[in-house]
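Peer 1: Note that the protein sequences, when read in sequence, are chains U, G, Y and P. Position 312, counted from 1, in the first sequence is what the UniProt record's numbering calls 312; the numbers after and before it change by one each time, with no gaps. Position 200, counted from 1, in the second sequence is what the UniProt record's numbering calls 200; the numbers after and before it change by one each time, with no gaps. Position 309, counted from 1, in the third sequence is what the UniProt record's numbering calls 309; the numbers after and before it change by one each time, with no gaps. Position 49, counted from 1, in the fourth sequence is what the UniProt record's numbering calls 49; the numbers after and before it change by one each time, with no gaps.
Heads up, some of the hints might be wrong.
[Said to hold, decoys possible] Pulled a few chain Y residues facing chain U out of the computed Cβ check, cut under 8 angstroms: (1) Glu303; (2) Lys372; (3) Asn451; (4) Asp573; (5) Glu574.
[Said to hold, decoys possible] Listed next, the in silico DSSO-like pairs over lysine-lysine satisfying Cα-Cα at most 27 angstroms (straight line): (6) P/Lys9 <-> P/Lys68; (7) U/Lys224 <-> U/Lys131; (8) U/Lys130 <-> P/Lys62; (9) P/Lys68 <-> U/Lys243; (10) U/Lys239 <-> P/Lys9; (11) P/Lys289 <-> P/Lys68; (12) U/Lys131 <-> P/Lys62; (13) U/Lys131 <-> P/Lys9; (14) P/Lys134 <-> U/Lys223; (15) P/Lys62 <-> U/Lys223; (16) U/Lys91 <-> Y/Lys372; (17) Y/Lys372 <-> Y/Lys212; (18) P/Lys289 <-> U/Lys131; (19) Y/Lys584 <-> Y/Lys181; (20) U/Lys239 <-> P/Lys289; (21) P/Lys62 <-> U/Lys224.
I should point out that these hints are in silico values taken from the structure, not numbers from a laboratory. All C-beta atoms, glycine included, are put in the ideal place defined by N, C-alpha and C.
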Amino acid sequence: MLRFILNRLIAMVLTLWAVSFVAFAIIQLPPGDYLTTYMATLAAQGERVDPRAIEALRQQYGFGEPYVVQYWKWITGILTRGDFGQSFEWKAPVTTLIWGRLANSILLEGLAVVVMWLIALPIGIFVAVKKYSLGDYLATVAGFIGLAIPNFLMALLLMYLSFVYFGTTIGGLFSPQYESAHWSLPRLWDFLSHAWAPVLVLATAGTAELIRILRANLLDELKKPYVTTARAKGLPEWKVILKYPVRVALNPLVSTIGWLLPALVSSSVIVSVVLNLPTAGPLLLRSLTSQDMYLAGAIIMLLGVLTVIGTLISDLLLAWIDPRIRYGSK
Amino acid sequence: MAVETLTPAEAMAPAKPQRESQMRLMWRRFRQHQLAVISLWIVVAFYLVAAFAEFLAPSDPGAYSARYTYAPPQGINFFVQGEDGGWSFQPHVNGYRSEVDQAAMRRTFVIDPEEIIPVQFFAPAEPYRLAGIIPMSVKLMGVENARDPFYVLGADRLGRDLLSRLIHGTRISLSIGLAGVGLSLFFGIVIGGFAGYYGGWFDSAVMRVIEFIRSLPTIPLWLGLAAAMPKDWNAVQTYFAITIILSLIGWTELARVVRGRFLSLRTEDFVTAAQLDGASDWRIITRHMVPSFTSHIIAAATLAIPGMILAETALSFLGLGLQAPIVSWGTLLQDAQNIRTLATAPWLLAPGVCVVVVILALNFFGDGLRDAADPHGR
Amino acid sequence: MRIGLFKGWVSTAALAAVIIGAGPALAQQQAPMLDDLVASGDLPPLEERLPSNPLVVEPVESIGTYGGTWRSALRGGLDNAWIARTVAYDGLVRYNREWDEIIPNLAESWEISEDSRTYTFKLREGLKWNNGTPFTSEDIAFAVELFSEPGYGVGSFIKSEQNPVSVEVIDDTTFSLVFEKPNGVILDELAGVGGLTLVSLSKDYCSQFYPKYNESAAEEAQAAGFQTWELWMEDRCGWATETIRWANPELPFMNAWMIEEPLTGTATRATFVRNPYYWKVDTEGNQLPYIDRLTMRVSDSVEEITLMALNGEIDFQDRHIATVINQPIFFDGQEQGDYRLGANIPSSMNTLILQFNLNHVDEKRRELFANKDFRIGVSHLLDREEIIDVVFTGQGEPFQAAPRPESPYYDEEMAKQYTEFDPDAAAAAFEAAGLVRNGEFYTFADGTPLNITIDMISTFRTEWVDMMELLQLQLGAGGLDIELNNIDRTLYYEKRPAGDFDAQIWQGDGGLDVVQEPRYYMPSGDESVWAYRWAQWYQGARPEIAEEPADWAREQMELMRTLQSEGDAAKRDELMKQILAIAKENFPVIGVSLPGNGYYIAKNNLRNVAEPMLHAYLFPTPGPYDPFQWYFAQE
Amino acid sequence: MNQPLLSIKDMSITFSSPDEADIEAVRQVDLVLTPGKTLALVGESGCGKSVTARAVLRLLDKNARIPKGEILYDAEGGRVDIARLHPDSTAMRAIRGNQISMIFQEPMSSLSPVHTIGDQIDEIIILHQRLSPKKARERTISLLDQVGIPGARDRSNAYPFELSGGLRQRAMIAMALACTPKLLIADEPTTALDVTTQAQILDLLRQLQADFGMAMLFITHDLGVVAEIADDIAVMYLGDVVEQGDVFEVFRAPKHPYTQALMNSVPRLQRKAERTRLTPIKGTVPSPKDRPVGCAFTSRCPHAFAPCPGQRPERTPVSPGHVARCHLLTHVREEALA
C-alpha cells in the first residue's frame, strides 16, 4: 500500500511538471502579448491609447525575454516563494486573485460530483437490472439528456425559466443581501437557491458517463456466481443486488472521478460564464483572451493540479474500498 | 430471478458447435436494443439530410430579407378550404401581416390565414450538384414566387430561413464530428495499436502521455490552440483546424480502446498460432487482429462523435470555433445565446433541439453497438 | 425622445472666473445616516466638512430626499469604465450637461495666459479628501511629479514629449500648469475623463509608497509581495479610473461616494457609500449626494445583467445591456420591471466606417484605393436603406463619416455626399478610376483580377457580421469581388503597420467629439487605419514606416497643429472647419449610416435623471448629468 | 425406507428467447431425495443437470419457466410445491439457505470478492436465525472450525482471495450449512479443486451428512466421485434423465447405451498389457434445438434403430429402484434389425 502511494506520488509530481510546462506553452501560443490585446480592448471601448503608456508598461512587465527564461523565472517563483507572478490586467499578484475563486470551483464541482452520483446510481442500477425494457429506455434517455444539451444552453434556459416562472434571477452564488454576510441558515438557503442550477447542469452533463460505466460493470457482475450464491442464501432480490453486484461494480466507478474531473472543470468554465459564478472559469477565459499570461498560466496549472490530486484521491479511495487492491492481490 | 437474458443456445451449451458469422451475431444482439435501433435510423436520417442539404433546403441559407426579420414559423398546411366550404389538398404556408414598432425596435408578425402561398414539391431551383456529384435543378420544396415568405421554422434576425440554415448547418456539424473522429481514429489506431502490439517501454510511454492529456481540462487546451490558430485563415482552413484541435484531444480514448484490444488479443491462441507460422507483424495485425475488433472500434468511434459535436458548439459559444458566415449548429446556437431570443424568438433554439436529438441518438446507437460487440461488458 | 438643441461646443472660459454664489448659509443639511456619526463626534459637523464655497448644483427636476441604494452591475471585475462614469467624474473642471461649456468643479476659477502656455487654477477653499485631510495644490504637484517618472506606466498629457508640462504651486489653493508650447485644448482634456489623473492622488497618503518621500518604500514593496515600488504604488494608489483604484478602500477620494466594499479580484460586488466630505450642495444647501449607497454586482454574464434589469433589480444602467437586440424585451418589460427607457444620443456618427488602405504597400492597390473615384464608386454601390432596414429595423439614416447633426460642425453635404444607391454612377466612377469590367467582376486596367479583402472583427459588434454580409452581396452585385476576413482583434492591430491589408472596418467615432477624435477626417493617429503611415509621419513615430502624406493631408496636419496651440475658441472652431472641408473634398473613408439613439434603463422612482443624454467616452455619461443629485422618490 | 424430503415429478424447464423458438432444456424429470441419502446427478456439460438443481431453489434465469411438473418439498409447515412459488417470494426465500442450501463449483467467484468470509456467513445466520451480529459471528467461527478451517477466528476476517481453493470451498460449505439445512445441493463442488483437496472435501461432505442427517443432491460429471459419495444416481443426457437408480445397481448393470458409454470412457487401473483402448462416445452433444423428438441420444447411439428418433422411450423399470429410458428395453431386437 505504501509502495502504491509512493509510486502514485512520483507519477503525480512528474505529471505536475508536465502540466506546468504545457500551461506555460498554451499561454504563449497565441500571437502578440498582453499589451497588444490591451490596446485593442481600449480601442474597442472607444478609449484612446497612449503609446507612451504602452511603452512604459512594456518595460515594466519585462516582455521580450526568451521563452525559457520566462518559464524558469515563473516556475522558480512558484516553487520557492509561492509567487505565481503578476496579473497584468488586474495589476495584482496572481495569488490574490485565484484562491477564493478556486475554492468556489472546488465547492461547485464537489457538489456536482455528489449530485452526479445521486442521479447516476439509481438510474445505472435500474437500467442494468431492467436491461432492454421500456423502463430501461426511459431511464437512459433521462440520464443522458443532460449530456446531450449543450451546457451553455441548459444554463441559460434554467436562468431564463426561473426568471419567467419564479421571478428570480439565479445568477451568482448569493443574492445581494447575503453576498458578504456570515454563514447562517438563511444564507445557506440562499446559496442553495442559486447553486442548484450550475450544480444541476454540471452534474447532469456527467451522469451519462457514470450510468454507462455502472451499467456495463453491473451487467458483468450480475452474471457472476456470487450473485447466485447471495440469492441462494434467501436474501430478497433488491438486497442481493445492492449488497453484492452493486457494491462490486462501484469500485471501478470510484476511479472514474479522477477523469471526470477534467471534463467537469471544462464545463464549469462555460457554466460559470453564463451563470456568473465567481469561480476560476470566467477569470481563466478572460485571462486567456486578454493574454494575461501569468494569471492564465497559474489557473491552468492549478486546475491541472486539482485534477491530478483528484485522480490521486480517487485512486487511494479505490484502494481503500477495494480489498483486492488494498492487500495487493492481482 | 436472474437478470441476463441468454439465448437458449448460450444457456445450454457453452461451446457453440456451429459458429455464426461475427457480424450476423452482432446484428442480432444489436436488434435486441430497440432504443439503439431507433437511434440508428435517426442518425442515418440526419446524415442523409447533411448529404442532400441542397435538395432539402427550401432556400439559400444566406438569403436575407429585411421584411421578415424574426418572422415566426409558418408551419406547412396541407389542405385549403375552397369557396364552397369543401377541403382540397393544397400544401401551402400562410403569409404574414407585419408592422414595424419603432419604439420597441422590432417587427411584429401575425400569420395571415387569408393569404395562401402554395408550396411546390420538387420545385425548380438554381442548378447545383447533389452531394457534390449529380447535377440537379430541383429542390424538395419551394414557393412559386421567390419573393413570398417561406419560413417553415421561422426566420432569424436577418430574415434568413432557419430551416435552410439548419439543414446546411447539419452538414458542417455532423461532418466535423465525423472528420474529427476519423482523424482521432487514425491517431488512436496507429498509436494505440503500436502500444498494444509491441508493449514494453513504448506502451508505457504512450499510456503516460494519454493519462496526462486526459488529466488536462479541455477548455484551456481548446482556447489556447484555437487562439493560436493563424487568424488570417479562411473558413475552410479554420474548419479543418478545428477538426484537428478536437481530434488532438479525442484520440486518447480511442487509443486506449485499441491498445486494450491489442493487448488482450496478442495473447490469444490464434495470434500465437499465426506468429508460430511465421506471419509478419503487419500481416498478423491486418489479417488477424484488426478484423476481430473492428466492431469495438466502430462502437468506440460512434461514441466519440457526440463529444466532437458538443465541442464544436462549445467552441462557437466561446467565440473561438467556427464563426459566421459559416453555418453550423454551433454558430446558429451562438445566435440564439441571448435572453432576447429566448423571450421573443424561441424557434431559433431549433439547432439546440437537433443537437440534443443527434447526441442522444449517437450515444444510444454507440451503446447498442458496444453491447452487441461485447456481450460481456467492457 | 426629442433631442435638445446642441449649442456651441467650446468653452469661452478664457477670462472666466466663474463664481457661482456661495451656498445660502442657512438650512444646510446632511443625510440622516451621518447624524449619528456627527453626534458621537466621529465626524465633524457639516460646516467643518464643506468648503467655504461649496459647488451649488441645480437639480434637474427638483430638490431630492436622502436615502436609497442605486443598484447596477459591472461586467466582470475589470469593468472600471462603469465606475468611472458613475462615481469618478470629478476633475478640476467639468462639462455642463449640454456638453457645450466647461464649468468649474474642484477649481472654482482659472486664468489663461496670453500665450496659452500658463493655466492658473484656483481651488475651492477648504476642500477635503474623504478621510478629512485637506485637498491642496500640493496634491496636484505630487501627481505630476509621480506620473512624470519614466518607469511609471500612466498615460496622460503629463507625459507628453511634444509639449511637456510643469506645475508651479503658488499657495495651498492656487497653482499653475505651465506648458512649453501653447496649448489650446488642455481645458477639454481636463474636463474629460483624462483630466481625472491630475486630481486622483492624495500626497498625504500616497507619498508613503514613493521612494522620494519614504526611503524604505522599495523594501516595503518587496515585503508586501511586489517586485518594484511602482507596482506597489500602482496597487495602493491607482490613478484616475484604473480598475485597481477601486480595490483599496484606504485610498482617499474626492468623489460623491467612496469605497465601502472594494472591487478586488475576487469580489462578487463592489459597493460605495456617501462621502461625508463631499463638497457639493443643492440649491437649498443640502449636502449632496442624495443617494446613500451604490452597489454594483460583478457579473461575467451579460444575460444575467439583462435579467436583473428586466426583474427591476437595476436602478440605472445603460452599459452592456442596452443593446439594439435587447430593445424589444426591455421595451416590453417596462411595466413588470417598474423601469423606464430614456434616450442616449451616441457620439458616434456611423454604424460602420469602411476604410480602404490608402497607404497600401502594393503599388497598384495603393493607387486604386487612393483614387477618390474608386471610393465614390464603392459608396454608390451600397444600398444603405436596405442595411438600415435589415440590421437596424429602420433606425438611422444613410450617413458618411461626418460630424453628427447635433454638432456645430454638422455639414449636411458632407454627411450625405455619395450616399444614394446608384449602380450607374458607381460604374462611371469605377471607369474613371481605371477599372475594367470583364464579366462578373471588375479588374485592373491590365486585366489582373481585383479582389478586395476586408478585415472585420465579429466579437466586438455583432451587427458588423450582418452588415458586412449584406455589404459583400451588394458590392458583389455591383462587380466588386469582396472577401470578408473575420479575424481576432489583436491581429487586427498587428496588421496595420505592415500595410498589406486592403481595408478594415470600425465604428464612427468623432461624431460629437470632432476635435478630440478626428481619426476619419484626417490622419491623426494609429486609429486612422486608412492612412496609417501618414499618421506615423504626423506623430513622428515609427520612422521606418512613416510616409510623407499627400498634400491635402499635410495641410490638415498643419491646421491641426495650429488648432492645438490656439487659445481662442472661435479660432479653433474655424480651423477645425477647414480641416473638415478638406476631408469632405477628399472623401477618405466611406460611412454607412447614422446610428440610431441608444437608451438607458432607469427605475421609475429614480428622479432628476436627464433625458435624453449625450453618450460618449470623453463625456462619461451619466457622470456629467450629476448622478449625485439623483434621488429615489418616496412613495 | 425414509419418507422422501423432496420429489421432483415430471418436471420440464423451458427457455425462451426473443427471436427463437422456446427450447425445452429439461424434460419430464423425476427425482426423489431422502434425508441422509445422496443422489448424484451425472452427465456431460450442458445436459441440464445444473439447471435441474437450480430449479429446486428457483435460481434460474428469468427467461426460464417450469411449464409443467412439480417440485414437492416437505417443509416444516407442510408440503410445498416449489415449482409454483414466485422466485422472489417470502416463502421461497424462507426455504433458500435455510432449509435447502447450495454449494457451487467455483469457490472463488461464488464468494463476493469485497466482503470477508465472516461477513458473508454471518449474513445468512442473521437473516434466517435472527441472531445478533455478535452471536452470528460466534456461530460462523464454530462453523468454520467445524469444516476444518484452521485458525477460524482469524480467517473469518479474511477476504476470499486470501484463502486457498480448498479453504474457500470449506468456507462455502460452512456457509451452506450455517442454518443446518435439510437438503444440500452441491453443484460440482470439487471440479475446480486438485485431487487431494477434492478427496478432503468429499470426506468432509460425507462426514457432515452423517452429522447433520441431511439429504444431498450432488451434481458431477465424474463417475469416480459418484462411486465415492452417492447412494443413488441419475444419469442425464440433453435434458433427459436416461437412467436412474441405486448407485451399485446402475454401476453394475448399466442399461442405457449412454450410461454404458460413460462407464466405458472412465479409465480403470489395469496392467499395461491388459489395457484396452477407452471407447469415447462418438460425436459431440448436439444443441438442444437439434434434439430429436424421440430419444435424445439417437444421434450418438451405436444401437440406434427405427423408433429412436421419433418416439420418446418410456421410463422402464429394470429392477427395483432402477429405471432407464431406452427402446432397447421395450422393443424386440428384430425391429432393430429391420
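Peer 1: Each hint needs a verdict: does it hold in this structure or not?
Peer 2: Verification of the hints:
1. Glu303: This interface hint holds because 6 angstroms falls under the 8 angstroms limit.
2. Lys372: Violated. Min distance 27 angstroms.
3. Asn451: Since the shortest Cβ distance to chain U is 25 angstroms, the answer is violated.
4. Asp573: Since the shortest Cβ distance to chain U is 22 angstroms, the answer is violated.
5. Glu574: violated, 25 angstroms
6. P/Lys9 <-> P/Lys68: holds, 9 angstroms
7. U/Lys224 <-> U/Lys131: Roughly 16 angstroms separates the two Cα atoms, so the pair holds.
8. U/Lys130 <-> P/Lys62: holds, 11 angstroms
9. P/Lys68 <-> U/Lys243: Between P/Lys68 and U/Lys243 the Cα gap is close to 34 angstroms, so the pair fails against 27 angstroms, i.e. violated.
10. U/Lys239 <-> P/Lys9: Judged against 27 angstroms, a Cα distance of about 32 angstroms means the pair is violated.
11. P/Lys289 <-> P/Lys68: holds, 19 angstroms
12. U/Lys131 <-> P/Lys62: OK: U/Lys131 and P/Lys62 at ~12 angstroms, within 27 angstroms.
13. U/Lys131 <-> P/Lys9: Cα-Cα ~34 angstroms, so violated.
14. P/Lys134 <-> U/Lys223: Violated: P/Lys134 and U/Lys223 sit about 32 angstroms apart, past 27 angstroms.
15. P/Lys62 <-> U/Lys223: holds, 12 angstroms
16. U/Lys91 <-> Y/Lys372: With a Cα-Cα distance of about 46 angstroms, the restraint between U/Lys91 and Y/Lys372 is violated, given a limit of 27 angstroms.
17. Y/Lys372 <-> Y/Lys212: violated, 57 angstroms
18. P/Lys289 <-> U/Lys131: holds, 26 angstroms
19. Y/Lys584 <-> Y/Lys181: violated, 30 angstroms
20. U/Lys239 <-> P/Lys289: Given that 27 angstroms is the threshold and the Cα spacing comes to 36 angstroms, the pair is violated.
21. P/Lys62 <-> U/Lys224: Between P/Lys62 and U/Lys224 the Cα gap is close to 15 angstroms, so the pair holds against 27 angstroms.
Figure legend: structure checked against the earlier numbered hints; hints not met, in rising order: 2, 3, 4, 5, 9, 10, 13, 14, 16, 17, 19, 20.
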